[in-house]
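If you read the sequences in order, they're chains A and B. For the first sequence, numbering that gives the first Met the number 0 begins at 0 and goes up steadily by one. For the second sequence, numbering that gives the first Met the number 0 begins at 0 and goes up steadily by one.
Calculated directly from the structure, the hints in this document are not laboratory data. There may be inaccurate statements among the hints.
[Claimed, not checked] Derived lysine-lysine pairs resembling DSS-like cross-links, with alpha carbons at most 30 Å apart:
{"#": "1", "chain 1": "B", "residue 1": "K122", "chain 2": "B", "residue 2": "K110"}
{"#": "2", "chain 1": "B", "residue 1": "K16", "chain 2": "A", "residue 2": "K114"}
{"#": "3", "chain 1": "B", "residue 1": "K16", "chain 2": "B", "residue 2": "K189"}
{"#": "4", "chain 1": "B", "residue 1": "K110", "chain 2": "A", "residue 2": "K114"}
{"#": "5", "chain 1": "A", "residue 1": "K114", "chain 2": "B", "residue 2": "K122"}
{"#": "6", "chain 1": "A", "residue 1": "K132", "chain 2": "B", "residue 2": "K110"}
{"#": "7", "chain 1": "B", "residue 1": "K16", "chain 2": "B", "residue 2": "K122"}
Letter by letter, the chains look like this.
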Amino acid sequence: MLTKRIIACLDMDGGRVVKGVRFKNLRDAGDPAECATAHARSGADEIVLLDITATSGNRNTLLEAVRGTARSLFVPFTVGGGIRQLEDAAAVFDAGADKIAINSAAVHDPALIGKIAARFGSQAVVVAIDARKTDRSAQGSFEVYVSGGRVPTGRDAIEWAQEAAACGAGEILLTSMDRDGTQSGFDCELVRAVAEAVSIPVIASGGAGSARDFIEVFRDGRADAALAASIFHFGLENIAELKRELRDASIPVRWPC
Amino acid sequence: MIAIVDYGAGNLNSVKKAFDYLGAEIMVTNEPGTLAAANKIVFPGVGHFSSLRALDTGLRKALLHAVSMGKPLLGICLGMQWLFEGSEECAEIAGAGIFPGKCRQFPSSVKSPHVGWNSLTVKEGSRLLRGIAQDSFVYYTHSFHAPLTVATTAATEYGLQFAGAVERGNIFGVQFHPEKSGDVGLAILKNFCEV
Numbered sequence: 000m001l002t003k004r005i006i007a008c009l010d011m012d013g014g015r016v017v018k019g020v021r022f023k024n025l026r027d028a029g030d031p032a033e034c035a036t037a038h039a040r041s042g043a044d045e046i047v048l049l050d051i052t053a054t055s056g057n058r059n060t061l062l063e064a065v066r067g068t069a070r071s072l073f074v075p076f077t078v079g080g081g082i083r084q085l086e087d088a089a090a091v092f093d094a095g096a097d098k099i100a101i102n103s104a105a106v107h108d109p110a111l112i113g114k115i116a117a118r119f120g121s122q123a124v125v126v127a128i129d130a131r132k133t134d135r136s137a138q139g140s141f142e143v144y145v146s147g148g149r150v151p152t153g154r155d156a157i158e159w160a161q162e163a164a165a166c167g168a169g170e171i172l173l174t175s176m177d178r179d180g181t182q183s184g185f186d187c188e189l190v191r192a193v194a195e196a197v198s199i200p201v202i203a204s205g206g207a208g209s210a211r212d213f214i215e216v217f218r219d220g221r222a223d224a225a226l227a228a229s230i231f232h233f234g235l236e237n238i239a240e241l242k243r244e245l246r247d248a249s250i251p252v253r254w255p256c
Numbered sequence: 000m001i002a003i004v005d006y007g008a009g010n011l012n013s014v015k016k017a018f019d020y021l022g023a024e025i026m027v028t029n030e031p032g033t034l035a036a037a038n039k040i041v042f043p044g045v046g047h048f049s050s051l052r053a054l055d056t057g058l059r060k061a062l063l064h065a066v067s068m069g070k071p072l073l074g075i076c077l078g079m080q081w082l083f084e085g086s087e088e089c090a091e092i093a094g095a096g097i098f099p100g101k102c103r104q105f106p107s108s109v110k111s112p113h114v115g116w117n118s119l120t121v122k123e124g125s126r127l128l129r130g131i132a133q134d135s136f137v138y139y140t141h142s143f144h145a146p147l148t149v150a151t152t153a154a155t156e157y158g159l160q161f162a163g164a165v166e167r168g169n170i171f172g173v174q175f176h177p178e179k180s181g182d183v184g185l186a187i188l189k190n191f192c193e194v
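Model the full assembly from the supplied sequences, consistent with the hints where possible.
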């Protein structure tokens, strides 16, 4: 039976894994290669490495970290942050990534999705979407933001997800900006709306705080995978323990790993 | 020496890295001559069935010759699909026809592509899957699947039962990605190294 994936996200700044709340008050959480291997060993089904600084001067630091991490990691490995053109993606794949995640660059140039997919396959292209509810009412829609959530685009998240899939995206990594960093649960309404609108897998992100949140996003949000960063660092939630709870709730997970 | 066939489609790094990790002597090549010199061949693949057109440079002939000589060959993902007669994905391109049947789409009752960790129902007697426990999880990412045949050594369920692994003599194929399937995948690649 196909299982629901638990994805550990490592936010990286200057070659180190960092953890803060909404990119502020960053604390050092370790070496990316060590963190990734430790997460994989404790049961992470996949690892995402996100370069949150992603300035062009930092590309070599990122590629070095990707190389070091990929060397001893044998679960799927996605890298995102600052990929603006095909050459950026090619360099990241060459360093050992299995998939790349693109966000702002895909919104600005949807053809980039197809270009990367044509060369590396759709399975290697994850389109990351940051979305926020336009108003709190039941009728509210979800708007896409770019540039690390700073710039609203006026685009509807569901429509953009459908367009990205049509352009050749292999998966959607969907972050609720309303929930991100709050540990108050995933936005099941957003996740479900997108998961029902596209046939490619949807990874839910933003808001993970407890095992209950994961159960809800798989059951009510119809997510194919769920991603978290903060709760997996500093031992707030152990992935093996999380998977045990999911299994007890009859959510199919890869267990034992 | 194990040769990994590079026909210009996708990213072969992960496959190479896994064999490096196992300490195998590996060479990534697009030269038919190197395939002839290799002891074993890994034929990875990703993407569209039409990308197999790139085998026309002499690689197809070299692969089929290696098979006829009894050289161990491991097809991964699209590389396994090529071992069958063809695929609905691209009717104009013929497969190797080593295993009977065509690769087809998943039924509309399930989402496609099939992405993620799914379990294997392992048949006894497989050399490639020696020591692999029943219901072990492996990582899949694909839109087309190969049919169950007498050569199927592991089946996976996704909307229907399909071939997760096939084997006949020294010809092996896996639809999943052993290089991305954690310890289970590494054990399978190690078995191939020791065939």
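These are the hints, each one checked on the structure:
{"no.": "1", "hint": "K122(B) to K110(B)", "result": "27 Å, holds"}
{"no.": "2", "hint": "K16(B) to K114(A)", "result": "25 Å, holds"}
{"no.": "3", "hint": "K16(B) to K189(B)", "result": "13 Å, holds"}
{"no.": "4", "hint": "K110(B) to K114(A)", "result": "24 Å, holds"}
{"no.": "5", "hint": "K114(A) to K122(B)", "result": "40 Å, violated"}
{"no.": "6", "hint": "K132(A) to K110(B)", "result": "27 Å, holds"}
{"no.": "7", "hint": "K16(B) to K122(B)", "result": "28 Å, holds"}
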